[in-house]
Structures are given as C-alpha cells and as structure tokens.
Amino acid sequence: MDAIADFLLNGWPVALVIASAAYVAWIFAKVLMSGATDRAKLSLQLAPLICTAGTFLLWELFCKALSISTFVLPAPSDIAISLWQFRRQIGLHSFHTAWMTIAGFGLAVAFGIALGLLFGASRFFYAGFYPLLVGFNTVPKVAVVPILVIWFGVGWLPAVLTAFMISFFPIVVNVATGLATIEPETEDVMKALGATKFQIMTKIGIPRSLPYFFGSLKVAITLAYIGSVIAEYNASRFGIGNLMARASADFNVPLLFASLIALAILGVGMYMATVWLENRMTGWAQRSSFAAG
Amino acid sequence: MRPFVELTGVSHTYATGGTLAVDGLDIKVNEGEFAAVVGPSGCGKSTLMKLATGLQFPQKGAVVVDGKEVRDPVKMAGMAFQAPTLLPWRTTLENLMLPLEIVEPHRSRLRKHKAEYVAKAEALLESVGLKGAGAKFPWQLSGGMQQRASLCRALIHEPKLLMLDEPFGALDAFTREELWCVIRDLHARMSGTLTVILVTHDLREAVFLADRIFCMSSRPGKIIAEREVEFARPRDIEITYTPQFSDIVHDLRARIAEARATA
Ligand SMILES: Nc1ncnc2c1ncn2[C@@H]1O[C@H](COP(=O)(O)OP(=O)(O)O)[C@@H](O)[C@H]1O
Ligand SMILES: [Mg+2]
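Read top to bottom, the protein sequences are chains V and U.
When you read off a place in the first sequence, starting at 1, and then add 59, the result is the number in our numbering.
When you read off a place in the second sequence, starting at 1, and then add 689, the result is the number in our numbering.
Some clues are possibly wrong.
[As the list claims (entries may be wrong)] Covered stretches of chain U, as calculated for chain V (at least 3 residues, CB under 8 Å):
| no. | segment |
| --- | --- |
| 1 | 709-723 |
| 2 | 755-768 |
| 3 | 784-790 |
[What the hints assert, rightly or not] To give an idea of the interface, some chain U residues facing chain V are shown, with a C-beta separation under 8 Å as derived from the structure:
| no. | residue |
| --- | --- |
| 4 | Y703 |
| 5 | A772 |
| 6 | T774 |
| 7 | L776 |
| 8 | P777 |
| 9 | W778 |
[Said to hold, decoys possible] The calculated label-pair distances, taken between Cβ atoms and stated as ranges, are:
| no. | chain 1 | residue 1 | chain 2 | residue 2 | range |
| --- | --- | --- | --- | --- | --- |
| 10 | U | K803 | V | N338 | 28 to 38 Å |
| 11 | V | K256 | U | T708 | 25 to 35 Å |
| 12 | V | A173 | U | A859 | 30 to 40 Å |
| 13 | V | A84 | U | K825 | 32 to 42 Å |
I should point out that these hints are in silico values taken from the structure, not numbers from a laboratory.
Quick caveat: nothing in here was measured; it's all calculated off a predicted structure.
Where a beta carbon is used, it is the ideal one built from N, C-alpha and C, also for glycine.
Working from the sequences, and respecting the hints, build out all of it.
Quick look at the structure:
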C-alpha cells in the first residue's frame, strides 16, 4: 500500500503529462485519418488545446519580456518547477481536498434528493420552507466556518460540512422543480386511471426530475469544491486550501500558483465526471422535447 | 340501452365567484355510443371531460358514470389529448404498458403474465399501423405516430370509457383522416362495450365518427343543440363527400351560428 501511495505521490505530474500527451496524440490521429468533411468538425476538438496552450505561452512571454518578478506573477515555467518540487505535498493535499469535496457532495446529494422530493410532493412544505431555505442559502458560508470550528474543532468535519451546506440548495430546487412541473395532462391521464399520488410520483415525477437532478450535480460539485477549499483555508491542517494558506504566509508565490493550477485540474476533473454521469443517465432528455422547453 | 355517462344541470367555475366555465350542462351518452362534443375554443369542452371523469367536481348538478355518482377520478377511463403526452424516457411499448401498471386486475397480473401483455400491446400497435415501433422512443416517431401510440395507451387496459380531447387538432389533414379511420376501427372492435366521448372543433370529424353530437355555446358553455347521426357503420371515409354528410355538417353549423347570434 505504502509503496503504491509513494509511487503515486511522486509520479502524478508525470502520469498527468503522459495522459494529456496521449489524448492530444489521439485527437491528432483522428484529425489526420479522417476524411475532408469530418476534418472541420474534428479540428474543433483541437481548439481547446490550442487556446489553452496559447494562453500559457502568452503568459510566459509576457512575464519574460517584461521580466516580471516571480514574487508578483510567476511565469508558467516557474509554476511548473514549483509544482514538480512540491509534487508530494500538492498531491497529498489535493487528495484530501477531493475527499472532503466528495464527502460533502455525497451528503448534499442525499439530503438534496430527500428535501427535493418532500418539496415536490407537498405544497405546504414547499411554501413553508422555501423562504427559510433561500435565506440560509444567501448567508456567505465563510461566515459559518468559525461556528463549525467552535462546534467541531479544526479538522475534516468543518470542510465536509461547509461543502455540504453550500452545495445542497441547487439539488433541492432542481428535484422539486422536476416534480412540480409535471404536465397537467399527463397527471390527468394518470388520475383517470386511478393512480395514487405515490404512483404518479414514482412513475412520472421522479423519472421526469432526473435530468434536472443530474443537471444540478455539475453546479453542486463546483460549489462543494469551493466550500471545502474555503474551510480548509480557514480551519484545517490539510487540503489544498491549507497549503495555500501556508504558502501565502511564507510568500511562496510560485507554490501558491502551483496550488491554484492543481485546484483547477482537480475541479475540471470532478466537473467532467458529473457531466459524463449526466450524459449517461439522461440521454433521453437531450433529444426529447423537454430538453428545449 | 342504458345511459353510461350522464350529466344533469352541471355548472362549474374554476375560481369561487369567478365566471362560470360551463353552465347547466345536460348530457346523456349511452353505453357503447360514440359521442362528440363540438364548440368554439374556450367554451368548456375540456372542462366537460374533466367533470365526466371526476378530475373536477361540479358546483351544481350531478355527474353519473356507469350508474354511480362520480366523487373521485373514475379509475378506468382512457384519455388522449392534443399533445400525445407520452413519457420520453420510456419506449413506445413501455409507454403502452403504463396503464397496466396501475389499473387492476392487470396490475397484479402484469409481472407473471408479462409476455401475454407484451403480445397484446404489440398486437394493438400493429392494428394502428405501428408494427415494430414498440422499441422506439416517442421522440423517434412522427407526430401522427405518437398520436396513434397515445390512442393505444388509452385503450390497452380495455377501458369502458374513452375520452378524447381534440386528439387530432395538431395533425395535418391527411394524417387526421387516417386517424379517424383508426379510431373508428378501434371503436368497432370493442363492439358495444366502449363508450367514447370525443371533443373537437371540427364538425366533419364529429359527423364522420359520432353517433350523437352535442354543440356547445361559447363561454359559459351550454348545450345548444344535440343531434344523432344515422349513417350505417362501418362508415367509409368516402361518405364525407356525400350530400347527406354535407347536409348534416351544414345543419350543425347553422344551429351554432343561430345560437351565437341570439346569445
Ligand atoms: N385550470 C383552470 N383554471 C382556471 N380556469 C380554467 C382552467 N381550465 C379552464 N379554465 C377556463 O375555463 C374555460 C373553459 O376552458 P376549457 O374547458 O379548457 O375550454 P375548451 O376545452 O373548450 O377550449 C376557459 O375560459 C378557461 O379559461
Ligand atoms: Mg380544450
């Protein structure tokens, strides 16, 4: 176990570079082998690569040409060096952040579905609790972190709870919306067959709210991520947020930027995972009439 | 023949104190009959359907279906609307099975006799010209095909009452005539056991399909004319081009126009 962990901690940037290079090569191969008609479409897949690489190149040139100090804005090459130097720490802390985010997100999904179903099924609860929920949602969660620290101390729990609190709202709203917007005619068809409220929920409401639910996941995961990093920054000994807090205390600007890059990579990874899940689970909604309306 | 659906002196408003949607409706449809309700849009035709199926309850008057006063949704009616309302996450065949998952005795038999029910659904699809479309999703079908599937769904559990609310309103003229024949044949197959109420604003459609036609005034809806259509069944689509057919359509038109003028 330790050997594997050690290998991963040392080697993850290399693995990432190899994977990206393989991906780029694969797309290039597809473009080269395709016919003239497909080429235009496939070239579009190269656009993100070109633009990303171009942005970093400009950044590099900008820093070098004006010889900006790494203390103000490190060039991508400096960041890469720092990333490599601190790869073990960054890897470890990223792993921790990912854990906190996923745990908080998982709680948010469970709680969000339960509350969303309740709201969708009962107008009383919807009307009664909605204002309270909106109020809760508008409170900046940074302000809640100190309270969590008083309750639970510094550690992993505040991070998980912050991630949870910040991310469950969109799930609740989307699940409830899916249930509350059943077409009245479909409901009439069901009622005239003698369907109970429960049957209408399970046969129409829940399947119908799935696209809304999966759509909300990509918003929720991003929010959960923000929540866990905020909490780590303020109240943890682990996580990228904490690493950044320490880097900024040491004025280690390249490390700060390297942490930011790691955050971006991790965030994109988690976002893509939920988008993939969404496409897999609700393929029907992408083609049917309700995707448009 | 006994009356199957009977509304006596039924008035309804959607909001207390609001204007009436329908006012003093008197309607009697016999068992096995094909009735049509025609009238301008907004006159309360859909309201009439909801009242007759127990989806709305009248402020005044009585609704009796199959000999019982209606107090809850009727629990057995098949319904089809202008929009096909098929569930996009289910295949056409699965959509057809939906009523069987709800209505007894099918609901408790479904698991054990799945193959039998699937065969029945496929036969029904074939009879409306949708052979082999069962595995497709609704969005892979044309509008006319979706409407056919929607009719099948309304009939799969062999209801005694079929309610059709402008089911052909969104279709082109050719498809509409094809579907007239589909619904005519489905009604004929259930000889005498299926009562149909068709809401439409197309007089030709009403005359071609129905045994009895009710004309409604504009809001608040009242019955301003009722007449029987005596053409022998099965009716061929060609009869819509005969003078007798045109006479009936003209007669209905005139009665509606007269009622509107005096109102
Ligand atoms: N759910 C509703 N709430 C309030 N008013 C309604 C509702 N449904 C219908 N109405 C009103 O009742 C009248 C009759 O409607 P409807 O029965 O749908 O007419 P039709 O089907 O003949 O076009 C209309 O004026 C409409 O505005
Ligand atoms: Mg209507």
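*Broken hints, by number*: 1, 4
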